[in-house]
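Chain B: place on chain A using the hints.
There are 2 protein chains.
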Amino acid sequence: MLKIGILGGGQLGRMLLQAAANYPVITHVMESDPECPAAHLCHQFTRGDIRNFEDVYQFGKGLDGISIEIESVNVEALEKLESEGIRVYPSPSALRIIRDKILQKQFYKEHDIPTSPFYVTQNRDELRKHDGFLPAVHKMGSGGYDGRGVQILSHAGELHKGFDAPSILERKVNIHKEISQIIAMNRKGETAIFPAAEMIFDPVHNQLDYQLSPAEIPQQSLWRIEAIALKVVKDLKTPGIFAVELFIDKNGDILVNETAPRVHNSGHHTIEANYCSQFDMLWRVMLDYPLGNPKQILPSAMVNLVGSEGQSGEACYEGLEDVLKLENAFLHLYGKKETRPGRKMGHVTILSTDKSDLVYKARTIKQKLRITSKQPV
Amino acid sequence: MLKIGILGGGQLGRMLLQAAANYPVITHVMESDPECPAAHLCHQFTRGDIRNFEDVYQFGKGLDGISIEIESVNVEALEKLESEGIRVYPSPSALRIIRDKILQKQFYKEHDIPTSPFYVTQNRDELRKHDGFLPAVHKMGSGGYDGRGVQILSHAGELHKGFDAPSILERKVNIHKEISQIIAMNRKGETAIFPAAEMIFDPVHNQLDYQLSPAEIPQQSLWRIEAIALKVVKDLKTPGIFAVELFIDKNGDILVNETAPRVHNSGHHTIEANYCSQFDMLWRVMLDYPLGNPKQILPSAMVNLVGSEGQSGEACYEGLEDVLKLENAFLHLYGKKETRPGRKMGHVTILSTDKSDLVYKARTIKQKLRITSKQPV
Numbered sequence: 001m002l003k004i005g006i007l008g009g010g011q012l013g014r015m016l017l018q019a020a021a022n023y024p025v026i027t028h029v030m031e032s033d034p035e036c037p038a039a040h041l042c043h044q045f046t047r048g049d050i051r052n053f054e055d056v057y058q059f060g061k062g063l064d065g066i067s068i069e070i071e072s073v074n075v076e077a078l079e080k081l082e083s084e085g086i087r088v089y090p091s092p093s094a095l096r097i098i099r100d101k102i103l104q105k106q107f108y109k110e111h112d113i114p115t116s117p118f119y120v121t122q123n124r125d126e127l128r129k130h131d132g133f134l135p136a137v138h139k140m141g142s143g144g145y146d147g148r149g150v151q152i153l154s155h156a157g158e159l160h161k162g163f164d165a166p167s168i169l170e171r172k173v174n175i176h177k178e179i180s181q182i183i184a185m186n187r188k189g190e191t192a193i194f195p196a197a198e199m200i201f202d203p204v205h206n207q208l209d210y211q212l213s214p215a216e217i218p219q220q221s222l223w224r225i226e227a228i229a230l231k232v233v234k235d236l237k238t239p240g241i242f243a244v245e246l247f248i249d250k251n252g253d254i255l256v257n258e259t260a261p262r263v264h265n266s267g268h269h270t271i272e273a274n275y276c277s278q279f280d281m282l283w284r285v286m287l288d289y290p291l292g293n294p295k296q297i298l299p300s301a302m303v304n305l306v307g308s309e310g311q312s313g314e315a316c317y318e319g320l321e322d323v324l325k326l327e328n329a330f331l332h333l334y335g336k337k338e339t340r341p342g343r344k345m346g347h348v349t350i351l352s353t354d355k356s357d358l359v360y361k362a363r364t365i366k367q368k369l370r371i372t373s374k375q376p377v
Numbered sequence: 001m002l003k004i005g006i007l008g009g010g011q012l013g014r015m016l017l018q019a020a021a022n023y024p025v026i027t028h029v030m031e032s033d034p035e036c037p038a039a040h041l042c043h044q045f046t047r048g049d050i051r052n053f054e055d056v057y058q059f060g061k062g063l064d065g066i067s068i069e070i071e072s073v074n075v076e077a078l079e080k081l082e083s084e085g086i087r088v089y090p091s092p093s094a095l096r097i098i099r100d101k102i103l104q105k106q107f108y109k110e111h112d113i114p115t116s117p118f119y120v121t122q123n124r125d126e127l128r129k130h131d132g133f134l135p136a137v138h139k140m141g142s143g144g145y146d147g148r149g150v151q152i153l154s155h156a157g158e159l160h161k162g163f164d165a166p167s168i169l170e171r172k173v174n175i176h177k178e179i180s181q182i183i184a185m186n187r188k189g190e191t192a193i194f195p196a197a198e199m200i201f202d203p204v205h206n207q208l209d210y211q212l213s214p215a216e217i218p219q220q221s222l223w224r225i226e227a228i229a230l231k232v233v234k235d236l237k238t239p240g241i242f243a244v245e246l247f248i249d250k251n252g253d254i255l256v257n258e259t260a261p262r263v264h265n266s267g268h269h270t271i272e273a274n275y276c277s278q279f280d281m282l283w284r285v286m287l288d289y290p291l292g293n294p295k296q297i298l299p300s301a302m303v304n305l306v307g308s309e310g311q312s313g314e315a316c317y318e319g320l321e322d323v324l325k326l327e328n329a330f331l332h333l334y335g336k337k338e339t340r341p342g343r344k345m346g347h348v349t350i351l352s353t354d355k356s357d358l359v360y361k362a363r364t365i366k367q368k369l370r371i372t373s374k375q376p377v
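Taken in sequence, the protein lines are chains A and B.
Mapping of the first sequence onto our numbering: position 371 corresponds to residue 371, and the numbering continues sequentially without gaps.
Mapping of the second sequence onto our numbering: position 202 corresponds to residue 202, and the numbering continues sequentially without gaps.
Next up, chain A with everything else stripped away, as it sits in the complex:
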């Protein structure tokens, strides 16, 4: 049986391991917290720092293959492992491009992949030269994750908020819709394209409200999105699974925002809504099996369950009964002991052929479920 390791033990690792149990594979996980969501579901857990060369190298060298559930891992160790014949998903060379937002953006430009116009700024002084380019988004080249390391700069008076480090200043897109396109590629270069998903934002708080799949966009836009995302993956030249996040702007133009070279939050619905889930698909890629069928079984909505504001401490789920009572709603809690404001603690996928049913249930879940701490902080 092949031995496959995952760097990181969060919810993505957890769901990968739930899917792994259908295949003949020995699973290894490395993570610093032995009580992380994935720790108890693998064959072999190793406590270690995924950013540390020696930890990653020692973890990987007895394995047949290795993957990631987060980009902030030690790439040098992955390069050494790859040179020694261990298969790495995605390849370290692709990971190097993607985890640095400057290299990633330059990669799109060099490969004629549509993306919003940008400048590279090495420090805050350089940033000040581009006051005519605003409104824009300033993104740190490295170190950013899940909203950290990103600033919106609306006018010259806000330039002092920009990062004093190598960054990308990109033109703010006049967004009509935000789309996620998940694609898998195996070692032969064969690809499987999932139906696109659409992020629905709360117009008041500008936060992700819920997600719908398939995305409600014209067929021609769908084709274009698939073609662009496919080009991203082919040009990255690595097997693996990828979430290409795109904008449709108010003119109907399609622009790549960014790419994640791994299973992704926007693909959680595929567990129930598609014949082959994103997690299943990555195992098929890593085990050299035929790609699965990414087609949808039923339309879906997906709601992230995040820690309530002002609540930090041992997680307590209020309103869980109301969610579990909803027909055709699939609960996934990640088993995280501690909640924090905005922390991803779980998700719910809803299946229905009726869009109003999807939206109604997504909203109901957001209203009814609160993740609080036993001792509010």
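Since the hints were made in silico from the structure, they are not lab data.
Take these hints with a grain of salt, some might be off.
For identical chains, the list gives no copy identity; a pair is met inside one copy or between any two copies.
Said to hold, decoys possible - With a straight-line cut-off of 27 angstroms between C-alpha atoms, the simulated DSS-like cross-links for lysine-lysine are: (1) K295 - K231; (2) K188 - K325; (3) K325 - K368; (4) K325 - K234; (5) K129 - K161.
The following block gives chain B in isolation, referenced to the frame of chain A:
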């Protein structure tokens, strides 16, 4: 978080644990083999003998609840645990009835649940008195499992093959169809009824060929099956999940064959084919959550993958690629190291609205996949 233990670590435990990872629950498993299919997927594995009083009692006494994946467990220990406030699914009193085929058959008779006529025989001498009752099936009261402890006695000349131990001699049913009806009951007595499944037998080898759900039988038979199975579960007076196996005879009469008070092979398709799977449903019962929706998403076929004849040793899967290439076929391998002739090594569920597609793919899988040993014995 509640702590729930499972006695037995085979494929049923494995699939229970895959489902458990969606809920806030700490999982414990006891089994003698630390490399069993479920061992690596629980929070806490305990090596022990599930038939031993002390092992089961020590395992269970720190838990909030306990369940089984096989009937041959130490009931006395479960009774002591229950008396100390630990919740047991199913209750030990129901388990005592079901695990003894004599008590189970008498239970059906006492509760006016239709079942084929029978005699109890204490030994082979007593059996000989009933030569006028043949053809019949002779079943040992206890110790039988998965076909062991069952004999067909066609005529008086075969009576010497009968068991010289307390047994049931039951009239052989002239079978039209074999049906499995899965039902869950929670502690409040609320029930969830899954669509019935139908076993399709190979007419030549008289072995289970594949299974279809929903069963293709008249609506009136379905209603009657549901009503009978519901009565079985209500009269057993215990929360849990149950597979009631029934015959429809050539006259259209419906007779209960036997009941399993646990998740069951005939419910594997519910993982993909139903909104709530049998595994998910049992967790909902044990965690005191609302029952899930047992309705089907799509019609399904399910094929068991069993060890090939004449092959014993380290398992090797021939033709796996062909199975993984089939669209809408969901592979589940159980991670058992060793194959043996007829051993359940995995299953495949197929989803389709087209029955001929289901049957074609079920047959293809049975033709293409062989589970052999690296060193044939």
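Structure-based check of all given hints:
no., hint, verdict
1, K295 - K231, "within (20 angstroms within a copy, 41 angstroms between copies)"
2, K188 - K325, "between (45 angstroms within a copy, 15 angstroms between copies)"
3, K325 - K368, "within (11 angstroms within a copy, 42 angstroms between copies)"
4, K325 - K234, "between (43 angstroms within a copy, 23 angstroms between copies)"
5, K129 - K161, "within (14 angstroms within a copy, 96 angstroms between copies)"
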